[in-house]
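Two chains, two separate frames, one set of hints: put the complex together.
Protein chains in written order, with numbering that gives the first Met the number 0: chain A, 0 to 430; chain B, 0 to 234.
Derived from the structure by calculation, the hints contain no laboratory data.
Don't take each hint at face value.
In the DSS-like style, the derived pairs of lysine-lysine whose C-alpha atoms are separated by at most 30 Å in a straight line are [as the list claims (entries may be wrong)]:
| # | chain 1 | residue 1 | chain 2 | residue 2 |
| --- | --- | --- | --- | --- |
| 1 | A | Lys-429 | B | Lys-110 |
| 2 | A | Lys-277 | A | Lys-258 |
| 3 | A | Lys-119 | A | Lys-248 |
| 4 | B | Lys-110 | B | Lys-185 |
| 5 | A | Lys-352 | A | Lys-429 |
| 6 | A | Lys-423 | B | Lys-188 |
| 7 | A | Lys-75 | A | Lys-423 |
| 8 | A | Lys-352 | A | Lys-75 |
| 9 | A | Lys-75 | A | Lys-415 |
| 10 | A | Lys-137 | A | Lys-415 |
| 11 | A | Lys-119 | B | Lys-188 |
| 12 | B | Lys-188 | A | Lys-124 |
| 13 | A | Lys-107 | B | Lys-188 |
| 14 | A | Lys-405 | A | Lys-119 |
| 15 | A | Lys-124 | A | Lys-415 |
| 16 | A | Lys-405 | A | Lys-141 |
| 17 | A | Lys-141 | A | Lys-75 |
| 18 | A | Lys-107 | B | Lys-185 |
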Amino acid sequence: MRGTLRTPSRLSVSVTWTLAACGLMVGSLASTACGSSGDDPNAIGGGGTTAPGTNPGPTGTGTAAAPPATPAEQVKQILDARKADYGEALRTASLKLRDSLPTLAEIKTIEAGADDAAKKVAYEKLVDDMSASPEFSKSMIKFWKDTFRTGQVGNVQMGAASRDTAATFAAQIVVEGQPYSNLFTAAANTCPTYDPMANTFTGAACDTGGGTAGPTAGILTDPGILSQYFANMAFRRVRFIQETFACQKFPAETSATPKPLGNGTFTGAFPYESITGKVNKPDALIDFQDTSAVICANCHVNLNRIAPMFINYDDTGFLQATGQVQVPVPKNPIAQRIDYLPAGEGFAWRSGKPVTDIPSLGAAIAADPEVARCAVNRVWNYALSRGDIVNDLATIPNAVTDPLVKDFGTNKQNLKETIRAIFKSEDFVKF
Amino acid sequence: MKRIALTLIGVAAIALGACTNGTSDQLNGGGGTGGAGDPNGTAGNENTTYDHSNDPGGAAPGADFQPAEPAQVRLVGSPEVTSRLHSCGKMSVASIGSILTTRGLTGGGAKPMGALSGQQIYMANSAAPALGGANYNGRVPEAPFASTSAMAKMFDIFTMASYDAVGANWTAPACPGTTILGADGKFTKDGLTCLMGKPAHDEHLALANDAITKNSTDGAKIAIAALLSAAHTCQ
Numbered sequence: 000m001r002g003t004l005r006t007p008s009r010l011s012v013s014v015t016w017t018l019a020a021c022g023l024m025v026g027s028l029a030s031t032a033c034g035s036s037g038d039d040p041n042a043i044g045g046g047g048t049t050a051p052g053t054n055p056g057p058t059g060t061g062t063a064a065a066p067p068a069t070p071a072e073q074v075k076q077i078l079d080a081r082k083a084d085y086g087e088a089l090r091t092a093s094l095k096l097r098d099s100l101p102t103l104a105e106i107k108t109i110e111a112g113a114d115d116a117a118k119k120v121a122y123e124k125l126v127d128d129m130s131a132s133p134e135f136s137k138s139m140i141k142f143w144k145d146t147f148r149t150g151q152v153g154n155v156q157m158g159a160a161s162r163d164t165a166a167t168f169a170a171q172i173v174v175e176g177q178p179y180s181n182l183f184t185a186a187a188n189t190c191p192t193y194d195p196m197a198n199t200f201t202g203a204a205c206d207t208g209g210g211t212a213g214p215t216a217g218i219l220t221d222p223g224i225l226s227q228y229f230a231n232m233a234f235r236r237v238r239f240i241q242e243t244f245a246c247q248k249f250p251a252e253t254s255a256t257p258k259p260l261g262n263g264t265f266t267g268a269f270p271y272e273s274i275t276g277k278v279n280k281p282d283a284l285i286d287f288q289d290t291s292a293v294i295c296a297n298c299h300v301n302l303n304r305i306a307p308m309f310i311n312y313d314d315t316g317f318l319q320a321t322g323q324v325q326v327p328v329p330k331n332p333i334a335q336r337i338d339y340l341p342a343g344e345g346f347a348w349r350s351g352k353p354v355t356d357i358p359s360l361g362a363a364i365a366a367d368p369e370v371a372r373c374a375v376n377r378v379w380n381y382a383l384s385r386g387d388i389v390n391d392l393a394t395i396p397n398a399v400t401d402p403l404v405k406d407f408g409t410n411k412q413n414l415k416e417t418i419r420a421i422f423k424s425e426d427f428v429k430f
Numbered sequence: 000m001k002r003i004a005l006t007l008i009g010v011a012a013i014a015l016g017a018c019t020n021g022t023s024d025q026l027n028g029g030g031g032t033g034g035a036g037d038p039n040g041t042a043g044n045e046n047t048t049y050d051h052s053n054d055p056g057g058a059a060p061g062a063d064f065q066p067a068e069p070a071q072v073r074l075v076g077s078p079e080v081t082s083r084l085h086s087c088g089k090m091s092v093a094s095i096g097s098i099l100t101t102r103g104l105t106g107g108g109a110k111p112m113g114a115l116s117g118q119q120i121y122m123a124n125s126a127a128p129a130l131g132g133a134n135y136n137g138r139v140p141e142a143p144f145a146s147t148s149a150m151a152k153m154f155d156i157f158t159m160a161s162y163d164a165v166g167a168n169w170t171a172p173a174c175p176g177t178t179i180l181g182a183d184g185k186f187t188k189d190g191l192t193c194l195m196g197k198p199a200h201d202e203h204l205a206l207a208n209d210a211i212t213k214n215s216t217d218g219a220k221i222a223i224a225a226l227l228s229a230a231h232t233c234q
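Just chain B, with the same shape it has in the complex (with noise of 0.2 Å):
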């Protein structure tokens, strides 16, 4: 009883500061010290589209240097051991092209009716926006991380692809002579290598086998699927 009490007061409390401007349905201005009218503030307003932050932290003298956490420190590393660490980048658009066309995953292989194929799918004009690509109209470089929607991307664009790769008629610009899918029906370790862009090693090729024998039908495609969004999660 005494715990709601205490929370319906702390509610109250939180409600009767935010209304601080009575009835006021206006923002605060952000200004200086008194919004757009003040003459000393300093946000636009219809008259001037002088704007500045004023955020004190903003241009405070050494802002850009925030001391790491010595929590943090023990976590993830000090600046300098993070500097030297490898972190994840996204794969660039271009880089997913390139995977698609030298990897052999142009739509060559059997999908259902009307599916797109990961080529087409990575073609569409709506795939570089959620792929984090470039906008230099607008100032925007190309995403250096992942979005979550560019790994959805991703991966549906590996999805449809896999039908490619499982295709009889598969061939690889990249791997010359290779097959991911042997005569036994199982993986090839040097099939999994081009799709990975690095060395396969067996518990890849040991996993991607068990989703075949788990899935005769789709286990191969799902093993590709997952191989391709997997490898190619970081740059």
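One chain only, chain A, in its complex shape (with noise of 0.2 Å):
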């Protein structure tokens, strides 16, 4: 490492050591500063380096053990290699739950904890001071606006909404400790401001634009989110209802009798008929009820019976007394309720669980257990920086998150309560 370095010269920026020797210097302090030492199982030389599913001893340290018999004895046996490192969980509950590191007084609170035991109460005392810092309102804005990957870029434009009124007011459902639900059913105060200086939330009615005055129902009715997602048929829309609050992407249910159709198979859980096609309407503008390459149906006996309550908001988000949305046909005709559903074909939100509007349907996704469990999830995601449950696959076997899940629903869906959980939890502070 030494030969590589160069001579310092003063007209040099940052030249005056190559990148080899920065490089074998990053390597060997990277060991280090993922390890820690004495009882940490990542210290250098010690032992829980052994790659997970080698079957470690149980004390990490490779020795020789039984295989494992079952499934659940070898994750038990992976599991229980991981040691607790609270100074590490504080770091990184520090840079979630309000984007800094910990303070130096901080982290020696944790280091003067005599024994594990010690260290986990000043863990989670920090734990319960960060979620309660003005800071933690900040992280919770951000992480709303990466979820909802919607935020304000600048100043807001004359004539739009802001788009930060979405992730401001799931931020102060979760600040306030109020239910989760509020996310989908809340008939007023849904587009609040924040004041960072007095780390306030102040409820506000939303901006209804040129529009006309419509139903409230949580950030559904948001015209922030509704002018981020607005797209041909407001299907976009839907979409990020789905993906973002039921943790999956179309199909959105699937039926337990499957049936071949065209070149694939219909799985939805409605009746093929059900929506707009050649089938039933030769004149279709989108025939829906296509079979020749994919099976159309499989998503859209879904999407077709919560599109059409989307329809009249604008591009800016705001609720206008006719269609806004186009079909994407020639001339671009405006979507009419005719192009999804057939006459009679009522709104849902899940075979068995018909709406009527806008509010209906924010009570019925609130009142879904998947909901549920995909907030949970996605706060379990964020606390072990496992990406996004839909765009990066990184879901969750519902075994690990299914006590939490329990308590966030006899917690009033509380979902401050969770993350606290979360990051006092075994999985978070062990390594």
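Shown next, in the form of structure tokens:
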């Protein structure tokens, strides 16, 4: 390493050392930076570096051990090889809960603990403090902006709505410990503002712009969101709802009795004929019953029961008296209800969950247990840096978050409590 | 010789396979059966923006579920195991800014003439995109994982921030009363702890001081840049 160093030069900026030198230094320090000493399983020369799945001994030292008899035992063996590192946990918790490193005093509070039990107490107190700090509010706003992929860039333009309000409303629900279901059912003050100096949220009605007054249903009627996801036939708005709050791409649900159809298999939970297509409407603008390539109906039996509720919101997200989204065919006609569903077919969130308008859709979403699980799983992935549950395919086996989902239900869907629980969980503090 | 002949035959076969449309330089439409002109096609054309992925796997039922390969399970663990382990998330753009300000890396050190400080690099307009910042207008959230460009940009920032940390007047708002270099010119454990945001250990200290021993001019800066980069590789 030494031989690669150059003679320092005043004119050089950062070329006084070579990348090779730094690379080696980073490499060696990376080992240490990610490790500790003593009981740290990642310590240099210590145990715990054995790759998962190679059946380390109970102490993580690679000692030969009897191979696990069952997959469950294997899981237990690997997980038991981790050890609590409250110093490391504090660092990552602080970065996630308030976007900054812990102070030296906080780090020393953990270090001062005589044993793991004392360190745990100190750590959990700090998690509580962090989740009560003003910085937590800002972190939550950022979390929701990233989750919604929506945020105001620059100043709000004339005639447009702020794209910050949805994330701010979601953050307010978390920070104030309101039921998560309010995100879909709140009938007022769903476009709050946040004062970072005072760390206060102030509820406000959403801007109606040049549109007409309409129903309010949490973020489902947030003009910033509706504007962000404006697209042909309002399908992008529905996809946003599905992927963000149900944590799953379309198809949203599948039938227990799939049927071979065309070049594929129809798996929808509603009848194939229950949406508009050439079979029941020969002049349909879009043939949702097409089976020549993919089975459109697999997704559209659900999509078409939600999208028509959003067709009167224009590109700025404001409600108008007439349809505002187009059908992507020549001449781009404005979408009508008949373009989605035959006469007599009603709206629905899911099979057996009929709805009539956006507020009842919000109620159905709020009551869906998969939506509650999705909220918990999203926070879990955030805490453990696992990426987006849909885009990054960071799915989680139900067994992992079942206890948290159960507590979430009994906690009146207080997501802040779930966040605290996850950051204090055994999985979070072990490395 | 036989191997060469087989190779040539293979290349020729691939070349012929790629030219099934004769001399046409048009791309295949990708529509159901016959490209853009196919009434049953699902690819958009100049008359319609109606456009669908024709990947049969794209909308197939259960397409999201892909059972883990047994070999992968042995290597990285089962889905339940990996779900319970920390992954390596990217430091958020805001967090990097916070590190610079709370750790006293705000450009106060003596740098080579004309050089930007770590904070100036961070504040430049080009920094946030390189660091994986969000682009909400494009419906893109902040990247959860670091790209090569993000790692390189972080290293640029931390390299130049090291000039601030070795300055005689260095103070960190989050670590009052702490010095990075002691009176003996060696690193202090508290100083390294402050920079890393977690307890420094003897190994950190030994490696960092070794850099000073090997290069009395720039060793401290090298050590700090490397330490910051390593410690903050993951969130």
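(message) Flag every earlier hint the structure violates by its number, smallest first.
(response) Those not satisfied are hints 1, 3, 5, 8, 17.
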